[in-house]
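In the order they appear, the protein sequences are chains G and P. Residue 116 in the working numbering sits at position 116 of the first sequence, with consecutive numbering throughout. In the working numbering, each number is its position in the second sequence, counted from 1, plus 1000.
Each hint should be verified, as a subset may be incorrect.
[What the hints assert, rightly or not] Taking CB as the label site, the calculated pair distances span: (1) Lys400/G - Thr1061/P: 24 to 32 Å; (2) Lys1117/P - Lys400/G: 26 to 34 Å; (3) Val297/G - Glu1067/P: 16 to 24 Å; (4) Lys400/G - Glu1067/P: 37 to 45 Å; (5) Val298/G - Pro1114/P: 39 to 47 Å; (6) Arg396/G - Arg1230/P: 45 to 53 Å.
Hints are computed from structural coordinates only; laboratory data are not their basis. Computed from a predicted model, the values in this text were never measured in an experiment. Cβ coordinates follow ideal geometry from the N, Cα and C atoms, glycine included.
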Amino acid sequence: MTTRDLFEETITALTANKARSGLTMLGIVIGIASVIAMVAIGNGAQASISSSIDALGSNLIIVLPGATTSGGISAGFGSTKTLTMNDSDTISAHVQNIVAVAPESSGRYQVVSSQANTNTTVDGTVPAYTSVRNLSLAEGSFFSTVQEETFSEVAIVGPTVATTLFPDGSDPIGQTIRINGNLFTIIGETVSKGTSGASNQDDEIYIPITTAHQYLSNSLYKGSPTVSDISIEATSAATMTQVQNDLTALLLKLHAISNPANADFQVLNQYDIISTASTITGTFTVLLAAVAGISLVVGGIGIMNMMLTSVTERTKEIGLRKAIGASENDISNQFLMESLALTILGGIAGILIGFGVAFTVNAIGLVAAQVSWSSVVLAFGVSAAIGIIFGWYPARRAAKMNPIDALRFE
Amino acid sequence: MIEVKDIQKIYRLGDIETKALSGVSFTIQDGEFVAIMGPSGSGKSTLMHILGCLDTPTSGTYALDGEDASKLTDDELADIRKRKIGFVFQSFNLLPRTTVLRNVMLPLIYANVPHEKREAKAKESLLAASFPESRFQNMSNQLSGGQIQRVAIARSLVNDPTLILADEPTGNLDSRTTEIVLHTFAELNEKHGRTIVLITHELEVAEHAKRIIRLKDGSIMSDDRNHTQRKAVIPPGESST
Chain G
1 MTTRDLFEET ITALTANKAR SGLTMLGIVI GIASVIAMVA IGNGAQASIS
51 SSIDALGSNL IIVLPGATTS GGISAGFGST KTLTMNDSDT ISAHVQNIVA
101 VAPESSGRYQ VVSSQANTNT TVDGTVPAYT SVRNLSLAEG SFFSTVQEET
151 FSEVAIVGPT VATTLFPDGS DPIGQTIRIN GNLFTIIGET VSKGTSGASN
201 QDDEIYIPIT TAHQYLSNSL YKGSPTVSDI SIEATSAATM TQVQNDLTAL
251 LLKLHAISNP ANADFQVLNQ YDIISTASTI TGTFTVLLAA VAGISLVVGG
301 IGIMNMMLTS VTERTKEIGL RKAIGASEND ISNQFLMESL ALTILGGIAG
351 ILIGFGVAFT VNAIGLVAAQ VSWSSVVLAF GVSAAIGIIF GWYPARRAAK
401 MNPIDALRFE
Chain P
1001 MIEVKDIQKI YRLGDIETKA LSGVSFTIQD GEFVAIMGPS GSGKSTLMHI
1051 LGCLDTPTSG TYALDGEDAS KLTDDELADI RKRKIGFVFQ SFNLLPRTTV
1101 LRNVMLPLIY ANVPHEKREA KAKESLLAAS FPESRFQNMS NQLSGGQIQR
1151 VAIARSLVND PTLILADEPT GNLDSRTTEI VLHTFAELNE KHGRTIVLIT
1201 HELEVAEHAK RIIRLKDGSI MSDDRNHTQR KAVIPPGESS T
């Protein structure tokens, strides 16, 4: 029996009952399509989270204020304002391998323009913030060191704030706004960075930290103005650990804490955040793929069921083929080829539909789904393997039939 | 040439032994037209299975063209079937929803005959089996009983077998189509020199052969030349080609 004969016999057999072949194939199509689409969506989610975290800055270390503990009960990190301008200045002066340090003093305030008003996050910070947090300006400029030192009443707005405050589309640069009742002049607008999780980096206003301390937040801790967090940019990925260790030691000494477990601040490293996020999305992807994998196995069982039915139905045909000289291998190859053809055709259709689903998800804008070629190769391999594994038993059953009994079968 | 020497076939079902054939011997020369006749239970089906290499005897030897076929594995039997034997069954066993031509070409697939030669061989055997050329492309389920059995006969011929083995070929046919089919066999034997073994329980059918072997209880009762060979007559209105 030549390969061509095998293909012709397979096509004849599968087209003889198109509805049944189609429905059987559907199980594999759905299984493969869902594996591909789910993995694509999972990968897309992972990539988009990683890229938003990257957008925060590079080689970034963030120090957050710590928890107050009163009578053994901790109120959790960020519950007090234990970080100060003094801490920031000391880090900047004493820790090695730092590019820049940017303290931030932020809060939500009512902001009023000539056209509208909104409630948004106002960040008091320093000029180094642009470099530490990868902030670029679409228009105008960030405030200068001189403006910071002289308590200038200038503001840089995010694109969301700009459109909210100036709904007629007029240029915000040069306009004045009131933040918590104080008059500020807009001197710049930032480039859109998109949202990362809960915080929208486009919905912010930046002002000099000195001005913020003067007009908006005037809390002091040990005689120095408090800050919400301190962002530090290390010189390279290699120096991050050293910078992190040094500044932790420095802050412990500065805050006179002997046991690091009682630290009243928390140091976060950008790579920790990325790796935590990828662990979560990775688990999510595996979970989705596993659910899809189960549907693939169910599809495989459908194939086996159909092949067994087909072997029984075609008992007389098998008897005839054996009587006219078909060997056991001829018969088993024929049935194996039928199940393989079903799974491979189903696999191809499933891959195309998987791509289609990923494309649709992209087009709708839910997640930037990325079809990974490894998942396509895997899915194709799995569908071929299912064809062989679930087709094997029915094919052997057909091959082992006794021609005399098979011919008598009614 | 077919040589059967002292063939025994014993079936064992648990402790019970059933002797289906007890020492059968005969020789069939090339070009003979033999009917093997006997009532049910006479062992003719068992003999047919052994002659057709579908089964092997418990003891004794069976040689087809000098090739011993009495002690072979399943795949070796399949190989001998595809080279030396053509079957015609009572229930025709054509592939459904398949053209006449493809049905006849089926044995050639397993015999590894090159694709380009298959159609010519199939057409040749269909014509030898007196099947009308106008219906070569018909589906197997669009044929009359006589036509179906002629397709099956053509299929048994297509591979130039040593032996055409027909197992109750007229068992499912009315008397009119029975005549047509028996006429086809007689023609194949006389005009094309084919060796035909016809297995039947009906004397009327057996009488169309040139030699009749009668079986009873697993042994040969008689083995005679049939001097009064019946000639099948094609009923009016049915063309022979």
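Ascending list of hint numbers which this structure does not respect: Hint check: 3 and 4 fail, others pass.
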